[in-house]
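Just so you know, the protein sequences line up as chains A and B, in that order.
For the record, in the first sequence the residue sitting at position 265 is 265 according to my numbering, with numbers rising by one throughout.
For the record, in the second sequence the residue sitting at position 58 is 58 according to my numbering, with numbers rising by one throughout.
If you're looking for bench data, these hints aren't it; they were derived computationally from the structure.
Please note that the accuracy of each hint is not assured.
Unchecked claim - Lysine-lysine pairs mimicking BS3-like chemistry, simulated, CA-CA at most 27 Å apart:
#1 B:Lys242 x A:Lys232
#2 B:Lys242 x A:Lys242
#3 B:Lys42 x B:Lys14
#4 B:Lys275 x A:Lys173
#5 A:Lys339 x A:Lys245
Said to hold, decoys possible - A few chain B residues facing chain A, derived, Cβ under 7 Å:
#6 Gly20
#7 Ser25
#8 Tyr112
#9 Asn125
#10 Asn160
#11 Leu171
#12 Lys173
#13 Phe175
#14 Val181
#15 Leu182
#16 Val259
#17 Ser262
#18 Ser266
#19 His269
Note that CB positions come from ideal geometry on N, CA and C, so glycine has one too.
Each chain, written out:
There are 2 protein chains.
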Amino acid sequence: MPKINDRISEDKFKLILKVGQAFNSVIEIDRLFALIASTTSKLLEAERCSIYVVDTEQNMLWTRAAQGENRIVVPIGVGIAGVVARSGEYVTVDDAYDDPRFNQEVDKETGYRTKSLIAGPLINNSGEIIGVIQVLNNSKGRFSTDDEQLLRSLSGFAGNALDNALLYDELKKTFHSVLQVLAATIDAKHHYTAGHTARVADYSCGIAREMELHEDELEVLRVAAFLHDYGKIAIRDNVLTKPGKLSEEEYEEMKSHVVKTSEILSKMHFSEGYKEVPLIAGAHHEKYDGSGYPAKLSNGDIPLGARIMAVADVFDALTSDRDYREAMKPHEALELIRKEVGTSFDPEVFAAFENYFNRRYGPPSNP
Amino acid sequence: MPKINDRISEDKFKLILKVGQAFNSVIEIDRLFALIASTTSKLLEAERCSIYVVDTEQNMLWTRAAQGENRIVVPIGVGIAGVVARSGEYVTVDDAYDDPRFNQEVDKETGYRTKSLIAGPLINNSGEIIGVIQVLNNSKGRFSTDDEQLLRSLSGFAGNALDNALLYDELKKTFHSVLQVLAATIDAKHHYTAGHTARVADYSCGIAREMELHEDELEVLRVAAFLHDYGKIAIRDNVLTKPGKLSEEEYEEMKSHVVKTSEILSKMHFSEGYKEVPLIAGAHHEKYDGSGYPAKLSNGDIPLGARIMAVADVFDALTSDRDYREAMKPHEALELIRKEVGTSFDPEVFAAFENYFNRRYGPPSNP
Chain A
1 MPKINDRISE
11 DKFKLILKVG
21 QAFNSVIEID
31 RLFALIASTT
41 SKLLEAERCS
51 IYVVDTEQNM
61 LWTRAAQGEN
71 RIVVPIGVGI
81 AGVVARSGEY
91 VTVDDAYDDP
101 RFNQEVDKET
111 GYRTKSLIAG
121 PLINNSGEII
131 GVIQVLNNSK
141 GRFSTDDEQL
151 LRSLSGFAGN
161 ALDNALLYDE
171 LKKTFHSVLQ
181 VLAATIDAKH
191 HYTAGHTARV
201 ADYSCGIARE
211 MELHEDELEV
221 LRVAAFLHDY
231 GKIAIRDNVL
241 TKPGKLSEEE
251 YEEMKSHVVK
261 TSEILSKMHF
271 SEGYKEVPLI
281 AGAHHEKYDG
291 SGYPAKLSNG
301 DIPLGARIMA
311 VADVFDALTS
321 DRDYREAMKP
331 HEALELIRKE
341 VGTSFDPEVF
351 AAFENYFNRR
361 YGPPSNP
Chain B
1 MPKINDRISE
11 DKFKLILKVG
21 QAFNSVIEID
31 RLFALIASTT
41 SKLLEAERCS
51 IYVVDTEQNM
61 LWTRAAQGEN
71 RIVVPIGVGI
81 AGVVARSGEY
91 VTVDDAYDDP
101 RFNQEVDKET
111 GYRTKSLIAG
121 PLINNSGEII
131 GVIQVLNNSK
141 GRFSTDDEQL
151 LRSLSGFAGN
161 ALDNALLYDE
171 LKKTFHSVLQ
181 VLAATIDAKH
191 HYTAGHTARV
201 ADYSCGIARE
211 MELHEDELEV
221 LRVAAFLHDY
231 GKIAIRDNVL
241 TKPGKLSEEE
251 YEEMKSHVVK
261 TSEILSKMHF
271 SEGYKEVPLI
281 AGAHHEKYDG
291 SGYPAKLSNG
301 DIPLGARIMA
311 VADVFDALTS
321 DRDYREAMKP
331 HEALELIRKE
341 VGTSFDPEVF
351 AAFENYFNRR
361 YGPPSNP
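Use the sequences and the hints to build the structure in full.
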């Protein structure tokens, strides 16, 4: 607990309480970064605020979101943030370019001109330095001892909130990684689909970003994509791995994988935020005009995530090798998909896919 | 943000900051319940403090940890906590038995005698009532307006911390549920092992609890148990599902499932807390004397979790039906395992298993 300066006013106490509570209210790491940075800049009348996270394995500091900057990685011990990460001491500097510890490289990269700065450690409940908070360019030209005092109070809350957010993020990463590998093992049974699931997840999220879906919806879509073919585990090896064309009966068995996927996923407990996962995963073979399977849903009755995944799934199938044909070029696949807009595919989703496609593959002359 | 009474002293502000920060530092729900309950009881000079969580789906309130009490479930709207959950208003009562809203049933169940109480809502950042904090029996006989004021300040932090902890808990549950179902689908391929993975997870955690392992270690063990047979996905169906005895070559293929498990898990990103999962899952067929597979590890070189899982795995195999024999009775299986203590099994783990076994199945006369 930082020592609170006796002269700090009651208003400031209330402010600290309010800000501390706000930090406490965000667990999603990007949102927390943004909240800490914007609140701290405002309170300290600064232009910018960056939050760095200590990566002890790599002996580096990284920052994900910093207003107007891209991701930056610095070695621990280098630059003022790096020095703070090592020492755990606050550093206040009136002109950064006069301080030999300051690393001008970052400014060179970003085109920013750092003048005054104040940096302090973010410490978790176990007393470990887990990050650095750095505030740049006070509007009055320099940071006061009051500013440092205020930062000390805020950073206690910021440190714990960051610790929680990192834990949550790590659990999410572990969860994703398990899903990803499980999906890859299913893909591996079906030799020509190696990497299929991961690509469908990528393409689906690419389309969803074009449609400006919320990060939470992307998360649901990603998890659904990882699991969409899991029902294949229930398909007999000799059907799943048969080279060449399937008989009608075998094709029916193959098609049953979406029902199996739904059956399996229906037994899972998906928390509030993930409730749509089974619905999306189970509907990725529905078609926009109602001619798909298993439920012959059409238009808006097909969850948006499934309409997105349908395009992603077909695009990946077309651009992958099969025993009986070579992979299509991306632009050929795009044109083939275009022919089924309105029948197989949702026109709005296709429009987003085309934007995503153009960003990724460029115009046809440069495939 | 609750309005802070102007007369609250600076010391109290500091205390609130400190407590708020402490709440902020715990994400694991049971620990958070315990921390909020003990801190709040102390600060309000009360005997007890319970935290209730709103379950909107079930329209119930539940509490997991309350000092000296078991889990309690109450309908929203019933009892003082239920009334607070609905109204979002604070309730302060000098003698609960004089208040018609008070539900004496809980006291009857627990043998406790509630006198004074104060209860308030726990609210998340979106303004939703997600819980109720209830403080019982002030040492001076009644709660003052100062106490209520203090509770209002603390509960802001408690509400947000609870929100984070519930999110984390939900993500963990989703993760577990996915693992559990994936494990069950592997079990299902191998018809006589239906439910095997879940039972191995149960037995392993039962043994670990006897050994007083930390809740975090149990979590790792549970995840490792869910995944321990995942390598079976790479075993050919005709080997995996062959009725009767396997040929030597088939047996070798079958044994390779642990190597496959390790291979698959080595591709996963396990966060700091889960780092031991692949090591444990890949070593559950090692034997204490070094005669197991795949690495012929012995004694302490086998991770403790794997030594535990080895007993759990064999116990479940012996007590399950096979094509060529019926399931053994639990006590017969126990005696068979006892014969291999020091050779196949770690004596310390076996001692813990025996305690767990006795708790679960009772003496041989009552199998």
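Against the structure, the hints:
| no. | hint | in the structure |
| --- | --- | --- |
| 1 | B:Lys242 x A:Lys232 | holds, 21 Å |
| 2 | B:Lys242 x A:Lys242 | holds, 21 Å |
| 3 | B:Lys42 x B:Lys14 | holds, 16 Å |
| 4 | B:Lys275 x A:Lys173 | holds, 13 Å |
| 5 | A:Lys339 x A:Lys245 | holds, 24 Å |
| 6 | Gly20 | holds, 5 Å |
| 7 | Ser25 | holds, 4 Å |
| 8 | Tyr112 | violated, 31 Å |
| 9 | Asn125 | holds, 4 Å |
| 10 | Asn160 | holds, 4 Å |
| 11 | Leu171 | holds, 6 Å |
| 12 | Lys173 | holds, 6 Å |
| 13 | Phe175 | holds, 4 Å |
| 14 | Val181 | holds, 5 Å |
| 15 | Leu182 | holds, 6 Å |
| 16 | Val259 | violated, 14 Å |
| 17 | Ser262 | violated, 12 Å |
| 18 | Ser266 | violated, 9 Å |
| 19 | His269 | holds, 4 Å |
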